[in-house]
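Visitor: Going down the list, the protein sequences come from chains A and B. Using our numbering, read the first sequence as starting at 1 and increasing by one per residue. Using our numbering, read the second sequence as starting at 1001 and increasing by one per residue.
Since the hints were made in silico from the structure, they are not lab data. Do not rely on the hints blindly, as some may be mistaken.
[Claimed, not checked] Only part of the chain A face toward chain B is listed, based on derived beta-carbon distances under 10 Å: (1) L39; (2) F45; (3) Q51; (4) P55; (5) N76; (6) Y106; (7) R213; (8) V214.
Just so we're clear, the structure is a prediction, and the values are computed from it rather than from any experiment. Note that the Cβ used here is the ideal one computed from N, Cα and C, for glycine as well.
Protein chains: 2
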Amino acid sequence: MTQEKLTPALFIGVQGNDYISFGSGQPDLPPPELVFKILPSYRDFRYGLIQGQVPLRKELAKQFKGATEDNIVITNGASEALDLTFKAIAKPGEKILLHQPYYYSYPPILENNYLKPVFTQTIKGKIDITDFDKKVRDCKAVLINSPSNPTGTVQEIKTLKEIEKLCKDLDITIVSDEVYKDLIYVRENYMLHGDHVITINSFSKTFAMCGLRVGYLYSNDPKIVERVVEIKTHSSMNTSILSQEMAYQATKVPKSYITEQTKIWEQRRDAIYEGLVKLGLDLWKPEGAFYVFPKVKNPRKTVWDLFKKHKVITYLGEWFGDDNRIRLSYALDIEKIEEGLKRIDLYFES
Amino acid sequence: MTQEKLTPALFIGVQGNDYISFGSGQPDLPPPELVFKILPSYRDFRYGLIQGQVPLRKELAKQFKGATEDNIVITNGASEALDLTFKAIAKPGEKILLHQPYYYSYPPILENNYLKPVFTQTIKGKIDITDFDKKVRDCKAVLINSPSNPTGTVQEIKTLKEIEKLCKDLDITIVSDEVYKDLIYVRENYMLHGDHVITINSFSKTFAMCGLRVGYLYSNDPKIVERVVEIKTHSSMNTSILSQEMAYQATKVPKSYITEQTKIWEQRRDAIYEGLVKLGLDLWKPEGAFYVFPKVKNPRKTVWDLFKKHKVITYLGEWFGDDNRIRLSYALDIEKIEEGLKRIDLYFES
């Protein structure tokens, strides 16, 4: 690894003992114990339905008005759900609108499917509907991510409704990546909905099941579901049946689990936000997800030096479409957050 | 489902009680018990390395001369290994050579990546090197599958060596799908090798772990490995860490497990081959894998009637590029094979 060649992949899965990692968006708290309870007696090994196990799809369908298991496809994480969705709905050369800053996987997912990312700038992370309106018109689809990785921003309900109406009028598909929908500090999540909306979600963040790779997509258009299943039949077949069974167990966890988790996330958010403000950094207060996105001078050198000299992992804002910032995930316990803040303080003082 | 709209996806994962399924390529015998032994104490949930868990890659590298874990990528089954490989090595519009009949997923995998399948005809399932030589010259890569699904054919070592030399001289990549390499009745498998070879394999067939979706690819070209990992970073991230751990356990199973399994497969092959010959069907004796591929009159009606009237699932030869045949998987116990043969006999007599 060199300062010039930094990529997120270099950090993912690297687990050093004395590192403080604000890197990967990886919850540190374990999944609900229920998820592991089925393991001792588990003996299945056969292919499952490509679309996903029926009981799991039935549970997930309950979130969507009028939906049945036929509207859901289980995937290898939200990543595969996004990849399959764009393959299914767009042809090479077509444009997809992203709000910038964006999750670093979005442009490569599009580019690997020969699609062209187009960007609408945000104001302090909030979508500017005027710019959005201008840019969306020759796009095939728009990808909305609220709460957002990396900004922690939750889009205004008014804006989301305007986007719904505009995209409906223009017959543009909305792909709504809601993997952080349960991690929101300011209000209930507003789920984009309607005939032209495809919803993406996963068990990774809400239930801390990142490594098990269970995501899903919802669409009320049977043709989109059919096309997604058709592609997946050849590109990966069913999602791991055991991971799916564990995800199914997670759906049985009482809702209080999520509110308890959110309280923990909120405490951590307050700790890191206030800590970084004290260090004099310029950043927005996160409204959801578990990232802060402060401005720093020379971000590349900062990420490199923090890593090499202070054993602190942070991510480069450039990966997310912002050259002036770095991203810190606060998915780690308060003690570690505080130790990390100390090291960052040391770095900035030196 | 209608006779006109038959697709493999309609049968996959459907498990009726009174059906005899010669459909999916799904071993009926369970995986080695060792695979399940780690489950009771399993507690991991974090992201793994995109490339795959190191101990598993280390074990797999031992099969390939001079290889290390750096040459291996763990994937969601062989399907994803193929999908990623073609994405990594070819650009839209480029041609890929397939020997016909072929596994039904090959053309869609290529087409979904905007690649163009080109076909070389086989003689009784064996590659005709003269036709191969003619067709391969303007291809970017060739996909070899020996033992073959659906024909059960093992390609001659002489032919495989000629293909190695020809592709090396022409600088054409060989993608060698060896998922049936351990299920071979006529000789040891000859693994295609060399700088221009990418090997695909999985735990699905050898260890009956289809539903758990662990496959892998091997390449001695670091650029190909790097590109595959880069795509996978965004399209699905790590393969289920629990499925990978189970696969790792499978690598510890003594070799005798595989020879014992092969004996069972050989008995079944003999039973179905002789049974179908007795019924007067024209077919090749399988040399590997677990499929027979007999000629029948009106294959579509045959598949449909066998399913609807006799509760026997078979696959349409057309899906595999042969309009005159049907495919039967013999991955089921002798009693069921015999019951299935009885029903097929009944059907042909009526």
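Visitor: Now tell me, hint by hint, if it's right for this structure.
Guide: Hint check:
1. L39: At 4 Å from the nearest chain B Cβ, A:L39 passes the 10 Å test, so the hint holds.
2. F45: holds (5 Å)
3. Q51: holds (9 Å)
4. P55: violated (13 Å)
5. N76: A:N76 check passes; min Cβ-Cβ to chain B is 4 Å, inside 10 Å.
6. Y106: OK, holds: A:Y106 within 10 Å of chain B, min 8 Å.
7. R213: Holds, because the Cβ-Cβ distance from A:R213 to chain B comes to roughly 5 Å (cut-off 10 Å).
8. V214: holds (8 Å)
This entry does not satisfy hint 4, going by the numbered hints stated previously; all others are met.
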